[in-house]
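Chain by chain, the residues:
Number of protein chains: 2
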Amino acid sequence: MSENTVNQTLGEMPESAILARIFPRLPSSDATIVGPGDDCAVMQAPDGRFVVTTDMMVHGPDFRLEWSTPHQLGIKAAATNLSDVAAMGAKPTGMVVSIAAPKDTEVTFLEQIADGFHDACLELAPGCGVVGGDLSVSNTLTISVTAFGDLEGRQPLLRSGARPGDVVAVTGRLGLAGLGLAALFAGEKDTTNPLLLSAQLSPWPPISQGVAGALGGATSAMDISDSLIMDAGRIAGASGVVIVLDESALDDLAAHLAIECGVDASHARQAILYGGEDHALLMTFPADVALPPGFTALGHVVACADDETPHVNMGEGVLPENGWNPYTGWNGEIS
Amino acid sequence: MSENTVNQTLGEMPESAILARIFPRLPSSDATIVGPGDDCAVMQAPDGRFVVTTDMMVHGPDFRLEWSTPHQLGIKAAATNLSDVAAMGAKPTGMVVSIAAPKDTEVTFLEQIADGFHDACLELAPGCGVVGGDLSVSNTLTISVTAFGDLEGRQPLLRSGARPGDVVAVTGRLGLAGLGLAALFAGEKDTTNPLLLSAQLSPWPPISQGVAGALGGATSAMDISDSLIMDAGRIAGASGVVIVLDESALDDLAAHLAIECGVDASHARQAILYGGEDHALLMTFPADVALPPGFTALGHVVACADDETPHVNMGEGVLPENGWNPYTGWNGEIS
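First to last, the protein sequences are chains A and B. For the first sequence, position 328 (counting from the first letter as 1) is numbered 327 according to numbering that gives the first Met the number 0, and the numbering increases by one without interruption. For the second sequence, position 87 (counting from the first letter as 1) is numbered 86 according to numbering that gives the first Met the number 0, and the numbering increases by one without interruption.
One should not assume that every hint holds.
Claimed, not checked - Counterexamples of contact, computed for chain B against chain A with all Cβ distances above 12 Å:
| id | residue |
| --- | --- |
| 1 | Asp54 |
| 2 | Asp61 |
| 3 | Asn80 |
| 4 | Gly132 |
| 5 | Leu150 |
| 6 | Glu246 |
| 7 | Asp251 |
Said to hold, decoys possible - Over the 12 Å line for every Cβ pair with chain A, so calculated as not near, a few chain B residues:
| id | residue |
| --- | --- |
| 8 | Gln43 |
| 9 | Pro45 |
| 10 | Glu65 |
| 11 | Pro101 |
| 12 | Thr107 |
| 13 | Pro163 |
| 14 | Gly164 |
| 15 | Asp245 |
| 16 | Pro291 |
| 17 | Thr308 |
Said to hold, decoys possible - Estimated spans, in silico, between C-beta atoms of each pair:
| id | chain 1 | residue 1 | chain 2 | residue 2 | range |
| --- | --- | --- | --- | --- | --- |
| 18 | A | Asp46 | B | Gly261 | 52 to 58 Å |
| 19 | B | Gly186 | A | Trp66 | 55 to 61 Å |
| 20 | B | Thr308 | A | Ile32 | 25 to 31 Å |
| 21 | A | Asp287 | B | Ala16 | 52 to 58 Å |
| 22 | A | Gly47 | B | Pro23 | 24 to 30 Å |
| 23 | B | Glu122 | A | Gly152 | 35 to 41 Å |
| 24 | A | Val288 | B | Ile32 | 21 to 27 Å |
None of these hints come from the bench; they were simulated from the model. Idealized CB from N, CA, C, for every residue including glycine.
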């Protein structure tokens, strides 16, 4: 194949020729009955149910080509959706992917996005694959993913299941992606700990811990996409309870993060509480069950007093909600 | 509520407040076990399978705000996806919808898109609803839909099932949407038959005919999104057969369309063969079964001779493939 052919752009090739280059690179799904090529895919749903989530990533508010490689974009788009499936206690089975890209996008760029999906599915959710999609042209690079999962006969883990007395626990990392984003905004990409950048640009959440938590007796769950404080607040609100975070557990996490990443402890603590996009899993468990391996206790659940509304606190009082808001936080510019 | 509040834009409101205005307007799904508000929805899949399709509509190549109202956009986004579900012989059960819109988009605009989804689901696919979604900001208005359906225990209708001897039949309209698009491109919106414009801007495909065709014994199916010629060619290719279109049946359709819409018969015939986006359903049936009500025979299936590749012909020879190609057909401009 000549270099000219390799570097062809979206605007120069018919859709069928582009898809013929992309599809072989995509991961396949073990749950596929009818794969790509018909008007729909047909998927297995062995227990008569499936979970479904969708998320759209837009160039500008959600990522920047100045910062991300196409391979990282594929990983991030896959991982964020897989994490929502995991947060239901489900096993990811498949996803459909739509991409709209400028006409001058080289097809190799799309191939590298596909490779990111491949690597994320293969490593984070073996058996899960891409079962369909759509390719469009747009002035704004946009990646939309819808992911599915199998509850394997279990009840779904909801945000509303936390009960007074439960232990609040987390699995996965907190604070890294937020510190990474801050470094990127500060123009410090070249001098920042790569661990922080990769947490932001190609997150690697603990997908299999979703099923592990469900099997371990979790009463509620969600993935921490906006921030520990905001998302714990959502569990508190949906469950009608107060979540009390444990100061010393947070101090331990902050001390660990500070040493690992070379930031000061108060900075690390802020990132843990208010940083988003780590896609750790936040769950609650009855106090009398042992936490599954990989889960760390961060606090506990108490009932709302008569005059209280559901909220999150740390002993010193109600914590403000805070986190990334793309509606008000993005100025409309790409860089 | 003051007018100021009503006219607030996406950039002025938190996501939760926007969703609180949109969600009550969306159609609900009869197949929902867990609805919006958790990390995933949970859907019923009674026979242990589900069909899934996805399609992304982008401002510029796929629609123009100069031509479409937001209500029409909601209808079109819903209808095109429902049509892919119908083309598998499945009953639509639910969809997830992601919208990315400029920050200065008024929330009332999003409400009207939601109303379009509501009306399309309620009328075209009762029981199907929106079970989740995502809202983002983008410089390019983009609507991504993923739709699901239930095969109710039947085998899916594939493109590969056409067999020599089968009758080729269609249900729904052909040619209207293509004539509507041509009129819009020609700047004749104000003087064109509204039937043509609505076929292009808010298509109303025969969704329930998907199940009817499956129950009626169809051997293959697809929805005609690109053109009769291109999509019949896809069934021919997937099935390894030749599809022979019947001249007199096409003449009848063209004569009817010409009278109905005030165009000449040869123009109508071109639109029927080469116009896209009508989302009629193309199916094949064994010759010994009666076509279900609403289906019109358009031709028949013959085996490929030894030296033939699968194709479509009309007696006068192989027809060229032709249809709308957004990759080469869009110049990157909005208007």
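Structure-based check of all given hints:
| no. | hint | verdict |
| --- | --- | --- |
| 1 | Asp54 | violated (5 Å) |
| 2 | Asp61 | violated (7 Å) |
| 3 | Asn80 | violated (10 Å) |
| 4 | Gly132 | violated (6 Å) |
| 5 | Leu150 | violated (7 Å) |
| 6 | Glu246 | holds (28 Å) |
| 7 | Asp251 | holds (27 Å) |
| 8 | Gln43 | violated (6 Å) |
| 9 | Pro45 | violated (6 Å) |
| 10 | Glu65 | holds (16 Å) |
| 11 | Pro101 | violated (8 Å) |
| 12 | Thr107 | holds (16 Å) |
| 13 | Pro163 | holds (21 Å) |
| 14 | Gly164 | holds (22 Å) |
| 15 | Asp245 | holds (24 Å) |
| 16 | Pro291 | holds (19 Å) |
| 17 | Thr308 | holds (15 Å) |
| 18 | Asp46/A - Gly261/B: 52 to 58 Å | holds (55 Å) |
| 19 | Gly186/B - Trp66/A: 55 to 61 Å | violated (42 Å) |
| 20 | Thr308/B - Ile32/A: 25 to 31 Å | holds (28 Å) |
| 21 | Asp287/A - Ala16/B: 52 to 58 Å | violated (40 Å) |
| 22 | Gly47/A - Pro23/B: 24 to 30 Å | holds (29 Å) |
| 23 | Glu122/B - Gly152/A: 35 to 41 Å | holds (36 Å) |
| 24 | Val288/A - Ile32/B: 21 to 27 Å | holds (25 Å) |
Comparing the model with each earlier hint shows violations of hints 1, 2, 3, 4, 5, 8, 9, 11, 19 and 21; every other hint is respected.
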